[in-house]
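Those protein sequence lines, which keep their order, are chains A and B.
Sequential numbering of the first sequence, starting at 1, is according to the working numbering.
Sequential numbering of the second sequence, starting at 519, is according to the working numbering.
These are computed hints drawn from the structure, not numbers from a lab.
Everything hinted at is true.
List of simulated lysine-lysine pairs, BS3-like, C-alpha gap at most 25 Å:
#	chain 1	residue 1	chain 2	residue 2
1	A	LYS154	A	LYS479
2	A	LYS154	A	LYS493
3	A	LYS479	B	LYS831
4	B	LYS997	A	LYS313
Number of protein chains: 2
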Amino acid sequence: MTTETIPSGSRAGGPAARRARRARPDLRMLPGLHNRLPRCEPMTPDEVARIDAASMDILEDVGVVFRDEIALGDWRNAGADVRGERVHLDRGLVRNLIATIPSDFTYTARNPANSLRLGGRDSIFVPMTGAPFLRDLDDRRRSPTLDDLAMFHKLAQMSPALHSSAHHIVEPCDLPVSHRHLHITYSSMKHSDKTFMGMTTSPKNAEDVMEMCAILFGAEFMESHPVTTGNCNGNSPLVWDETMLGAMRAFCRRNQPVLCSPFVLGGANTPASVAPTVAQLNAEALSALAYTQVIRRGCPAIYGHYLSTVSMKSGAPMAGTPEISLMNFMIGQMARHYDVPWRTSNTLGGAKTFDAQAGYESATTLSAVIHAGANYIWHSAGWNEAGMHCSVAKFIVDAEQCAMAYRMAEGIRWDDFDAGLEAVRDIGPGGHYLGHPHTQDNFQRAFFLPELFDNNSIEQWQAEGAVEITGRALRQARKLLDVYIEPALDEAKDEELRDYIVRREAEIPAVEALNQEF
Amino acid sequence: MTTETIPSGSRAGGPAARRARRARPDLRMLPGLHNRLPRCEPMTPDEVARIDAASMDILEDVGVVFRDEIALGDWRNAGADVRGERVHLDRGLVRNLIATIPSDFTYTARNPANSLRLGGRDSIFVPMTGAPFLRDLDDRRRSPTLDDLAMFHKLAQMSPALHSSAHHIVEPCDLPVSHRHLHITYSSMKHSDKTFMGMTTSPKNAEDVMEMCAILFGAEFMESHPVTTGNCNGNSPLVWDETMLGAMRAFCRRNQPVLCSPFVLGGANTPASVAPTVAQLNAEALSALAYTQVIRRGCPAIYGHYLSTVSMKSGAPMAGTPEISLMNFMIGQMARHYDVPWRTSNTLGGAKTFDAQAGYESATTLSAVIHAGANYIWHSAGWNEAGMHCSVAKFIVDAEQCAMAYRMAEGIRWDDFDAGLEAVRDIGPGGHYLGHPHTQDNFQRAFFLPELFDNNSIEQWQAEGAVEITGRALRQARKLLDVYIEPALDEAKDEELRDYIVRREAEIPAVEALNQEF
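Bound-form chain A, shown alone (with noise of 0.2 Å):
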């Protein structure tokens, strides 16, 4: 059921490191989550029709800006209406060219144990990225450094549900911005052995990440197997830039995935209205899945979406709210409908601190995507202040809770039902089923046990010093830290992945400017 992903170059070592073995709970990857829940699917096949054709008429007849002097060349050449920036797609052309996106594909981990299937009922979970500040082992709100970034590697690779370390889960603040993007890449490859992203902050950071994931599985093993993901803002209203242009292209180029995200503040970038929101946003999503396929017929994408509603008082962006919850199953909807797999967004909250708000937000966010039946499920842990912190405390917990969400959705055991029944015969009225044998022998893996609720009485829990969720969740990311083991990375790759750093280093001028991704 689950696979082994401790290396065997990583049981080596000292006694140190038999010792944190010996400390260590069990840590194996769940496998990728098998979605059984039956869809939340609140349109019907007319309704979803009506959007699919409204989102068509928007791009045949308000169009897509392209700010991208060689995605318009591109358009002309592939047969597109293109006046000026605007680039007028006709649904033909459309349907043509999404026809050629993979409905799944496998997204391979360095670790071969940890590739996992994306598309279907197949989905994965993957922490937050982009955050500017973190709140630290001790809770405290600062800007983050390389090291923080690397503890965050390192908590996603012993999160038993997080599927992939991500990239830039915190900013390196300590390093010049042109050069952070070697740094976040080099760190989610040597901290952990699950999938990964790459950055996709400039056409050129793109390629650095693409040569960094030719050095990790080969140049020529990328042209068929899918390695990393890289994610593509659009700016709403109906426009991408040449810097998402320009990082996709490098992505398709090598056959590599992009998430196509169009950012979306509802309300502000888009109508106040659901159906309408979604219409635009699903016309968004299918020009960038189309251009990929011009970029690189074939070449395996993946619908997304960055999505809040925005508060009319103060046009903030707000999380959990319940029209997010329907935009998701609507779009879930549309994915499935055009056969591509999608990205949506978890755990999303916009507490300043990791309290009861952030819990009631993220919890939300996290069912309305199982229901939704969302492929990629990005943002899945540490995601507070709506993106502008990482919280450690809500990284652990946001992965305990993807951990129960992965279980609810593998649905019912029918296979001891028969075994059940009989414990009721054997135990009868007013009797208890503790000292059972089948309740002995099923509940581990009956009933999951969070370890990070107490659900102890208050005399039991002031005995243990009165620690709320948040001290909890700390001391439990200390001990994990404690026992982490580095998975083992090839000597050689190492080398050339830190000349390759130290090469690209000399040749990029240190700079200090940003683009921001969600």
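Based on these hints, arrange chain B on the given structure of chain A.
Using the frame of chain A, we list chain B on its own:
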């Protein structure tokens, strides 16, 4: 769409009342929820049949203990196979009896505008009850008084998504146990004109509730109108006791519905497995539902349960775990299979404070019961510490969460779809929508703006005192209580109710013992 709930009587009053009305936000009760979302149904029809068959086997072969001479006599007369206290129920008899339970009914409130349909897709949110402690307006955990109970009844009255004032939200510990039910019932009748629940802590207490309902509604009226609901807990596995059965008879004889609620601690009093637990719970619920029809053919009744899984470490009940969600989905399918309205528990939490644990647990449960399609959604506000306390702060936040879930469950609006698409054409690529007339016309109803979530920047949040959600919710509770307007109650009825209490207090010896219900 919404109904006015401030009765005309309250429009009178002095300048203070007029000021209160002016300062008052819109607190009108939302109509009963018509849940339009597709339900999460993880069982195939064959699997539903499998649970049904297993439950019927349990009822026939294992039997159910009715620890009550009257019930045993009733069952003998009804043709059941009674062996000592154990009643073996033939599946034909069970099916015949439950066939006369109405699939839906109207739950009448003293303000007719607040009456509610229950059953099918029609659902209601009912606050928690039964807490022996509260966390008060200062977040202090202490023993509750009758004044505290009145405060919660007022907050229930002013929470738009709460459809009931329930009954003993907190235990009025300043009163003798044997007199409490009288004051609890009066408080829920007096401080709210929504539906309310009736105490079932003893058969005699239940009779008192029926008498007080007869004063308020008229005994004749009750014969054809459910005006309250009582909860009867089973002792799992497979036992119903004298207290609950006597209370059930008091309600059913007056045609008032009871929630037939097995009390399930998964793994302790059921097998350690999801599907067999549901089979046992289903048998238990069916046995009580059938008995309601032995008492009075055609009386409305509700398929109930209290459901948690227990920690194998401590035996403590857990909340928000994946198996509880799965079992809710399954129980919903079973209740619909029998075409009976069903009750579940909402926003449960095991946290000792209103920390992020409470948020995760509550939102996970809320989401599950909405997707499960539950009708009578009890414990919808305030529950924490496994029901040991009701938190004022959590009550306020949970009530808003119910309003958000309500919005989600209403489903997608299509009436402004074309207008929204027109806005997309008007704005075009790169524009923004905030100034567009469609946005200004639609924003308020398009996107829910949670009052209790803070989505401001950290700078703004700090400038406002860096208050976490607990503090904000308590501030909100105080604000609401400042503008509370007591709904008018007919003076003669009010006096008659108070006279009844005085008389019964003189008759009933003041004693100190307590039956809990969940």
